[in-house]
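J.: So the sequences go chain by chain: A and B.
Mapping to my numbering: the first sequence position 68 is 68, numbers consecutive.
Mapping to my numbering: the second sequence position 124 is 124, numbers consecutive.
Hints listed in this document are in silico derivations from the structure and should not be mistaken for laboratory results.
You may find that some hints are simply not true.
For chains that are exact copies, the list does not tell them apart, and a pair is met inside one copy or across any two.
Below are the DSS-like pairs computed for lysine-lysine, each with C-alpha atoms no more than 27 Å apart in a straight line [as the list claims (entries may be wrong)]: (1) LYS74 x LYS3; (2) LYS141 x LYS44; (3) LYS45 x LYS132; (4) LYS141 x LYS68; (5) LYS97 x LYS4; (6) LYS4 x LYS132; (7) LYS27 x LYS138; (8) LYS3 x LYS132; (9) LYS115 x LYS3; (10) LYS138 x LYS73; (11) LYS140 x LYS3; (12) LYS73 x LYS140; (13) LYS97 x LYS55; (14) LYS3 x LYS55; (15) LYS68 x LYS140; (16) LYS45 x LYS74; (17) LYS55 x LYS115; (18) LYS44 x LYS138; (19) LYS132 x LYS68.
2 protein chains.
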Amino acid sequence: MEKKTIDQLLRSTWQAIARMYNEEASKYESTMATGFTLLSIDPKKGTPSTSLGPKMGMEATSLSRTLKTLEEKKLIERRANPNDGRSVLIYLTERGKVNRDVSRVAVLKFNQAIKDDIGEEAFENFHNTIEKINNLIKNKKVFNF
Amino acid sequence: MEKKTIDQLLRSTWQAIARMYNEEASKYESTMATGFTLLSIDPKKGTPSTSLGPKMGMEATSLSRTLKTLEEKKLIERRANPNDGRSVLIYLTERGKVNRDVSRVAVLKFNQAIKDDIGEEAFENFHNTIEKINNLIKNKKVFNF
Chain A
1 MEKKTIDQLL
11 RSTWQAIARM
21 YNEEASKYES
31 TMATGFTLLS
41 IDPKKGTPST
51 SLGPKMGMEA
61 TSLSRTLKTL
71 EEKKLIERRA
81 NPNDGRSVLI
91 YLTERGKVNR
101 DVSRVAVLKF
111 NQAIKDDIGE
121 EAFENFHNTI
131 EKINNLIKNK
141 KVFNF
Chain B
1 MEKKTIDQLL
11 RSTWQAIARM
21 YNEEASKYES
31 TMATGFTLLS
41 IDPKKGTPST
51 SLGPKMGMEA
61 TSLSRTLKTL
71 EEKKLIERRA
81 NPNDGRSVLI
91 YLTERGKVNR
101 DVSRVAVLKF
111 NQAIKDDIGE
121 EAFENFHNTI
131 EKINNLIKNK
141 KVFNF
């Protein structure tokens, strides 16, 4: 079998992480999308609904579906922005804050497990490589020369 | 702003790659999903339709939609498996083979650009780290202790 390319590695690893998070979230009758959304909302100041999509890299339609579910589960609330009547801020409810903490612990556990396993140096190297890959893409250096 | 966690890095990097590939594919009136599917089909022996989904980490419904599009564009053909009348093999047409090569060149270009940019050692380190992350997930060592 051929050695996997970097894009395949990133894709399959991200998929494995998503499966793992969804499995863990299911113990709390939740999903990765839910946890990820809660983590993207500022627990003190709330977050404008329009900035959530770009922040999470999610399309508007699937985000609004997730937000609807979170609202039905009483994990978030929508309130008018006091500084801009036309825009809406998303706030966490008390229950939403608790669930956010559960998600946060899961994320930190996973990242600490990786750090413990690979060591500080490899962890730094990994960050650097990822940054370089993103810069290559951002500077459109791959296909335009 | 907080430092990104490993899962965020992998997710956002994979999304950036997907955007880049889709942008490049659009020059050929194609998509990343198309190129990725063509690359997953054996150009000589064909590939059983049932093994494509697991191989690509794609759900059956979105895969069958992609295959339908590829068939309409005359890039693939379905034929009965000569060794098993009940199963179907997917073959590339001549045009499909050409498009597969275009996709292959794009993937190789990207991977070579990364290799050139980060160097051999960082490239090996990156592979090792990714492998360790996948083993952590596979061995369920993250949440079960």
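J.: Could you run down the list of hints and mark each one as holding or not?
T.: Hint check results:
no. : hint           : verdict
1   : LYS74 x LYS3   : neither (47 Å within a copy, 29 Å between copies)
2   : LYS141 x LYS44 : neither (40 Å within a copy, 33 Å between copies)
3   : LYS45 x LYS132 : neither (33 Å within a copy, 38 Å between copies)
4   : LYS141 x LYS68 : neither (40 Å within a copy, 33 Å between copies)
5   : LYS97 x LYS4   : between (40 Å within a copy, 20 Å between copies)
6   : LYS4 x LYS132  : both (19 Å within a copy, 15 Å between copies)
7   : LYS27 x LYS138 : between (38 Å within a copy, 18 Å between copies)
8   : LYS3 x LYS132  : both (21 Å within a copy, 16 Å between copies)
9   : LYS115 x LYS3  : both (25 Å within a copy, 14 Å between copies)
10  : LYS138 x LYS73 : neither (38 Å within a copy, 31 Å between copies)
11  : LYS140 x LYS3  : both (25 Å within a copy, 24 Å between copies)
12  : LYS73 x LYS140 : neither (42 Å within a copy, 29 Å between copies)
13  : LYS97 x LYS55  : within (19 Å within a copy, 38 Å between copies)
14  : LYS3 x LYS55   : between (33 Å within a copy, 14 Å between copies)
15  : LYS68 x LYS140 : neither (37 Å within a copy, 32 Å between copies)
16  : LYS45 x LYS74  : within (18 Å within a copy, 54 Å between copies)
17  : LYS55 x LYS115 : within (25 Å within a copy, 29 Å between copies)
18  : LYS44 x LYS138 : neither (32 Å within a copy, 36 Å between copies)
19  : LYS132 x LYS68 : neither (37 Å within a copy, 37 Å between copies)
The structure fails hints 1, 2, 3, 4, 10, 12, 15, 18 and 19 (numbered hints given earlier, in ascending order).
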